[in-house]
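Colleague: Protein sequence lines correspond, in order, to chains A and B.
Counting along the first sequence from 1, when you hit position 302 you're at 302 in my numbering, and nothing is skipped either side.
Just remember that my numbering sits 341 ahead of the position in the second sequence, which is counted from 1.
Everything hinted at is true.
Lysine to aspartate or glutamate pairs mimicking DMTMM-like chemistry, simulated, CA-CA at most 25 Å apart:
id	chain 1	residue 1	chain 2	residue 2
1	B	Lys559	B	Asp585
2	B	Lys559	B	Glu497
3	A	Lys156	A	Glu67
4	A	Lys296	B	Glu417
5	A	Lys296	A	Asp53
6	A	Lys308	A	Glu298
7	A	Lys308	A	Asp165
8	A	Lys308	A	Asp168
9	B	Lys559	B	Asp582
10	A	Lys296	B	Asp410
11	B	Lys559	B	Asp431
12	A	Lys308	A	Asp155
13	A	Lys296	B	Glu397
14	A	Lys296	B	Asp415
15	A	Lys296	B	Glu420
Just a sample of chain B residues kept apart from chain A, beta carbon distances all over 12 Å, derived:
id	residue
16	Ala389
17	Ala421
18	Pro436
19	Arg441
20	Arg445
21	Gly451
22	Pro456
23	Val459
24	Glu471
25	Glu500
26	Ala575
27	Asp582
With the C-beta cut set under 7 Å, the calculated list includes, among others, these residues of chain B facing chain A:
id	residue
28	Leu359
29	Val361
30	Phe372
31	Ala399
32	Ser401
33	Leu402
34	Phe406
35	Pro411
36	Gly489
37	Pro550
38	Phe556
Simulated from the structure, these hints should not be mistaken for lab results.
Since we're looking at a predicted model, the values are computed, not measured.
Positions of the beta carbon are idealized from the N, C-alpha and C atoms, including for glycine.
Letter by letter, the chains look like this.
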Amino acid sequence: MTAPALIVHQVGPGVTVQDLGRPGHLAYGLSQGGALDRLALYEGAALLGQSPDCAALEMIGMGGEFEATQPLRIALTGAPMQASLDGSPLIWNASHQLPAGSRVRIGGVTSGSVGYLHLGGGIETPPLLGARATQLNAGLGALLTPGVRLPVGPDKGGPIGLGLDVADRVSGGVLRILPSVQTALFDAETRERLEQSQFTRDPRSNRMALRLIPDGQGFALDGGLSVVSEVIVPGDIQITGDGVPVILMAECQTMGGYPRIATVLPADLPRAAQLPVGATLRLQFITPEEGVAALKAEQTALADLPRKVRPLIRDPRDIPDLLSYHLSDGAITGREEETDR
Amino acid sequence: MTVPNPSPSGPWPMIQRLGVSGLLVRFGDQFCEAANRAALAFRAAVEAAPQPGIIETAPSLVSVFLRLDPLTADLEVLEAELCDLLARADWYAAPLPPGRRLIRIPTAYGADMAPDLVETAEAAGLSEAEAVAQLSATRLRVLSLGFGPGQPYLGELPEHWNLPRRTELTPHVPAGALVLAIRQCVLFSRPSPTGWRHVGQTAFLNFRPESAEPFALKPGDELQFPTADPDHVAHMIADPDCVDGGAEIEALP
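Please put together the full structure from these sequences, using the hints given.
Modeller: Here you go:
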């Protein structure tokens, strides 16, 4: 018997295999990389009852058409996209069964920027340096093209037809920021203006950087300050020569010489990654103490995700195969009412 | 709320916070060799005595970045410990890292494989032959790895090579390109756009992701770029099994 696979028949221009990336190589010039919206990986893992380390398909703007060689479980997270299974619409932020030979079609985003297709068992392309994440600027992996067969790992199984209620992170809003190395070089007026500005997405944004177009003037430092190249990390907001703020994203370089006015709280980076064309972002300084509290809250929320999945059909009388659900694996805990409140 | 105003002033070295989970120990605000050696040595000292909460450390040209988990580390305690460590030695007088190597990488300086060579030589006040003679004879040290995977910042060339970056971006230089600006060279790991000047071409790959040792170079290694026949370099570039571009490696004392 051949191993299960997902066959790519059609695919959008920005579809890659992504996981949580490769931490630990910063000293060698390789950034962590991985999914733009890391929260989406945790959500997919919760829906399928597996580890967030499992690799998934990241689909920027649009998806593609994919065929299951054998019965596969899938979950859809991140930016909602038009999705159907052999012509029947699929619910987003939910898990589904793909029968052998069936085709799932994923079209364009309906809000947000980047959606994820997760497989039960995860995508098992060969790992490089401990991860499967595609990092194009490092030459690790490649954009998906039609005809590719993606191997799928063994699925230990579990329920499908589960959904997850997620807070809106696909329509802009506020990003919490903290001071960085050059923050104090910008005068108080400039830093206040940064908080008062509204930003839209520059279409030149990519997996390396999100360029933010301000509604007013730019934020350039007087005197063309030269900053010696230093380590940069995702979330850092560089001010480029033309005064435009750039948020460094998952696939950013590891060193840069542009002054950094602030850095985005890691928990808010998915909101940056999902900023759709036409929506606005604002930036708001928080204190380091608030940052640590937010980090704690994020870790708690991630750990709680598996307990927040719920059946798409809530009335048990409507579920004909209720007994096939694994009631003991945490998917249904009886605490749904509690967590919904 | 009030906008924070962390103070960047003070004597070197200094410790600064980056966001909620980063610290930067800086040994200067511009490149100098002593600050580079200080950064490499201090990073090695931090790595040698791991503290809880430090997830990762990385040196850059004149600073050391520490990625922390603020949920397991008390940043104030950690900052105090780093201050103690800073006070324990004259880091600017630290020796270079142990285990250094001299790596000689055959380099094509022919015009079509080094499109900016003639213009760059002229800007440095040299003839093309003089420029090639200097670039191929000079030993440059790996000051730091970064920007791209395994990609070295190399220095430092004599003062007459203190040339600005080009105003126009070159849309594409190949992997193995030797580029130059501000008395430094970079040997590109990957095809890349750049504002630096493309003065030579090698078949050396800094990053070998499928190898047991994916990163070919270490800070402290010295590189030399002796002149090679462009056809020979082109032949090695075309050979997928040739990852070291004919480099000769010897240990340095």
